[in-house]
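All the letters of the sequence shown, read from the start, carry residue numbers 1 to 355 under UniProt numbering.
Note that these hints are calculated values from the structure, not bench results.
It should be emphasised that the depicted structure is a prediction, and the values quoted were computed from it without experimental measurement.
The C-beta atom is built at its ideal place from N, Cα and C for all residues, glycine as well.
Calculated lysine to aspartate or glutamate pairs in the EDC-like style (CA-CA distance at most 16 angstroms, straight line): (1) 72 / 198; (2) 72 / 187; (3) 72 / 190; (4) 64 / 198; (5) 65 / 198; (6) 120 / 187.
Pairwise CB distance ranges, derived in the manner of DEER restraints: (7) 135 / 74: 34 to 42 angstroms; (8) 15 / 254: 17 to 25 angstroms; (9) 194 / 74: 13 to 21 angstroms.
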Amino acid sequence: MSALAPVGIVALIFGGCCSNVFALEAIVKREPDSGLLITLTQFILTTLSCLPSQLNPSGRLFLKKPAVPFHKWALSAAMFFAVNMLNNWAFAFDISVPVHIILRSFGSVSTMVTGWLRGKRYSRVQVFSVALLTVGVVVAAWADAKGKGKSMSTSNLDLTSPSFEAGLLVLLLAQLLSAYMGVYVQEIYEAHGKHWHENLFYSHFLSLPLFLPLSGTLQRQYHRLTLSPPLQVPSSIAASLPTTLQKTLASTPTSVAMLMLNAVTQLLCISGVNLLSANTSAVTVTIVLNVRKLVSFMFSIWLFGNKLSGQMLFGAALVFGAGALYGWETSVGIKRREGGSKGRESANGKVKKEL
1 MSALAPVGIV
11 ALIFGGCCSN
21 VFALEAIVKR
31 EPDSGLLITL
41 TQFILTTLSC
51 LPSQLNPSGR
61 LFLKKPAVPF
71 HKWALSAAMF
81 FAVNMLNNWA
91 FAFDISVPVH
101 IILRSFGSVS
111 TMVTGWLRGK
121 RYSRVQVFSV
131 ALLTVGVVVA
141 AWADAKGKGK
151 SMSTSNLDLT
161 SPSFEAGLLV
171 LLLAQLLSAY
181 MGVYVQEIYE
191 AHGKHWHENL
201 FYSHFLSLPL
211 FLPLSGTLQR
221 QYHRLTLSPP
231 LQVPSSIAAS
241 LPTTLQKTLA
251 STPTSVAMLM
261 LNAVTQLLCI
271 SGVNLLSANT
281 SAVTVTIVLN
291 VRKLVSFMFS
301 IWLFGNKLSG
311 QMLFGAALVF
321 GAGALYGWET
331 SVGIKRREGG
341 SKGRESANGK
351 VKKEL
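With the sequences and hints as input, model every part of the structure.
Spelled out as structure tokens, the structure:
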């Protein structure tokens, strides 16, 4: 990997993911119930961008024969679709973007529970970091509910109303399903090789037909976005653009422009994450993604004036700190202890042999 490659990957992750948060919040601030349309737009653009690498004129449907059995990608795509739908649906339940970021960092807990159910065991530091992360999530969620004058009680929970408790339940379900999907995809990679390009394509491509029964809702969501004010382009920038492009931008609703920006930046973000996973250690991925979430969190607060109490900031610090500790212990701490133990065993064996 060239010297410039790490810079480019980090630029994709921080530039793409943080810009994606900006575009996402710009949409949900105006139309919170736009998650379905946001998801579809992202899936279409990602499918189109991955399509050239999967084309084969002589293949079935003009596609290459997948290295992984088709039914496995189909199941993975169904889970991927459900996770994305649930995560975006949560915005319709009075969940703010900063809290959405915090609660999605809860993935370490669901991953640990899934692994434990499958017979995996964890170190004390891993368990401690996940317990700390759990406390942080609860503190942040409680502070957000308190700031909105809501109760954290689960009584009278109504999934059809924009209740905060329902949003928490939706996000929790998404995290559990995401954890199981991660384990499932990892098993695919172990059995058939790390074909992440193929996974990226099929997880989006096979999900597209699932949007057809929801076409009416998609049309209504898009129509509401078209009612937003026209995009305001700074005069200094507009003056340097061709006349045709100036007219197009001036007639484009702001929310529609943000929808396109969200899809493009999402593609940049997931491309950066996949490249990082393919070229660096797991600890680097974990640390970079946790820092990225923290930057996105602060970015959202700064740009959109989200008022966060000291209690919520404390909860956020616990979440991101615990996530970094979990990643370090998983990728470095355990290996160091195992390496030290093997080294001592080797040294003891050598001494016994000399005696």
